[in-house]
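A.B. asks: Residue 329 in the numbering used here sits at position 329 of the sequence shown, with consecutive numbering throughout.
Be a bit skeptical, because a hint or two may be false.
[Claimed, not checked] Have a look at the derived ranges for each label pair, beta carbon to beta carbon: (1) D67 with S25: 52 to 60 Å; (2) S110 with S23: 20 to 28 Å; (3) R319 with R170: 24 to 32 Å; (4) R319 with A151: 26 to 34 Å; (5) H290 with Q59: 19 to 27 Å; (6) T215 with R263: 42 to 50 Å.
These aren't lab readings, by the way, just hints derived from the structure by calculation.
What you are looking at is a predicted structure, and each value in this text was computed from that prediction instead of being measured.
All residues carry an ideal CB built from backbone N, CA and C; glycine is no exception.
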Amino acid sequence: MLVVSNATATRRFMSQASHSLYSSSDYRAAHEWLMGRINYERFPGLPYGERVLKLDRMQLLVHRLSDPQLRFPIVHVAGTKGKGSTSAMLAAILRASGLRVGLYSSPHLSQVEERFVVDGELATAAEFVELVETIRPVAEQLDDESASQQAAGPTFFDLSTALALLHFERSRVDVAVLEVGLGGRLDSTNVVLPAVSVITTISFDHMKQLGNTLTEIAGEKAGIIKPGVPVVSGVIADEPRGVIQSTARERAARLWQLGADFRLTHHPPLNSLGRDAIDYESQISGNIVHRAGIEIALPGQHQAANAAVALAVVDELVRQGWHIDDAAARRGLAEVQLPARVEVLPGRRPIVVDAAHNPASAV
Numbered sequence: 001m002l003v004v005s006n007a008t009a010t011r012r013f014m015s016q017a018s019h020s021l022y023s024s025s026d027y028r029a030a031h032e033w034l035m036g037r038i039n040y041e042r043f044p045g046l047p048y049g050e051r052v053l054k055l056d057r058m059q060l061l062v063h064r065l066s067d068p069q070l071r072f073p074i075v076h077v078a079g080t081k082g083k084g085s086t087s088a089m090l091a092a093i094l095r096a097s098g099l100r101v102g103l104y105s106s107p108h109l110s111q112v113e114e115r116f117v118v119d120g121e122l123a124t125a126a127e128f129v130e131l132v133e134t135i136r137p138v139a140e141q142l143d144d145e146s147a148s149q150q151a152a153g154p155t156f157f158d159l160s161t162a163l164a165l166l167h168f169e170r171s172r173v174d175v176a177v178l179e180v181g182l183g184g185r186l187d188s189t190n191v192v193l194p195a196v197s198v199i200t201t202i203s204f205d206h207m208k209q210l211g212n213t214l215t216e217i218a219g220e221k222a223g224i225i226k227p228g229v230p231v232v233s234g235v236i237a238d239e240p241r242g243v244i245q246s247t248a249r250e251r252a253a254r255l256w257q258l259g260a261d262f263r264l265t266h267h268p269p270l271n272s273l274g275r276d277a278i279d280y281e282s283q284i285s286g287n288i289v290h291r292a293g294i295e296i297a298l299p300g301q302h303q304a305a306n307a308a309v310a311l312a313v314v315d316e317l318v319r320q321g322w323h324i325d326d327a328a329a330r331r332g333l334a335e336v337q338l339p340a341r342v343e344v345l346p347g348r349r350p351i352v353v354d355a356a357h358n359p360a361s362a363v
């Protein structure tokens, strides 16, 4: 993760000052309070398990905020790799179809508001202060209650997740795409009941927390599967695929799988000025769908697979009665942007910026 100062956020606040009742000191105080919470993203040995990551604590937090997650449909996205890209692609497609879309992702590059955006726009400084002012007394009450039981109060990720849900409710989004932070089963985002659950890929990562085998890791990712909620899976390796299949079967969740229910053919660019493209086929929506020559703004074969997963989610939403046409799908994938994912910075000597942090990302 790229770590920078909060000077960018402060400058952004000052540019909005004439439209806000809040001062820059209000913004700094709100920012410092949130960033001062227990933040396991910054721990070298990130803890994982019921003793530390408590869904009942998160459930209580959102309940005391009047359960904002119940006010809009949600697509919940987990996976070892590709969950951020797939979430961004899906949000871009939904926006292109005319919907108002919230996107929750992590980690952020330069300012925390990057984690919760609506239609591509970060929350304003005034909105951020209002959100923190709403959530802070609830969090501090939970701190006191937890301390009496010798337990920890809400973490940074708990609170940033709750802030996102509250922001999406106040922004009256039509739909939100939520990216899981770590694992799935115990992740703070796993308090939602989505319209679709998504698992992109499964490989070795965070093994101290999630397990030393793909079966164990898949079990944690499959923890987002809810009874009766359809699942789209881009997992192709036999071992974790079997775990996803058995979990979906146990929970009576309809499962759509890459290579079985939807397929893609990847077409690499012909030259340095070209784009990756895919041909896509599925029968998820009830009709056999063929989409040929879909251009993808994010380069690489792995992004082609992520795009197919995003399109499969679209097909499932169409099956549920949503109206998302082919033109929106093509426009969204052609226009999606995602900083630090094989991002090419132009110049006399172009620089490629990528946030790969494990072998599956680097190859």
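A.B. asks: Please go over all the hints and tell whether each is borne out by the structure.
C.D. replies: Results for each hint:
no.: 1; hint: D67 with S25: 52 to 60 Å; in the structure: 32 Å, violated
no.: 2; hint: S110 with S23: 20 to 28 Å; in the structure: 22 Å, holds
no.: 3; hint: R319 with R170: 24 to 32 Å; in the structure: 30 Å, holds
no.: 4; hint: R319 with A151: 26 to 34 Å; in the structure: 42 Å, violated
no.: 5; hint: H290 with Q59: 19 to 27 Å; in the structure: 43 Å, violated
no.: 6; hint: T215 with R263: 42 to 50 Å; in the structure: 25 Å, violated
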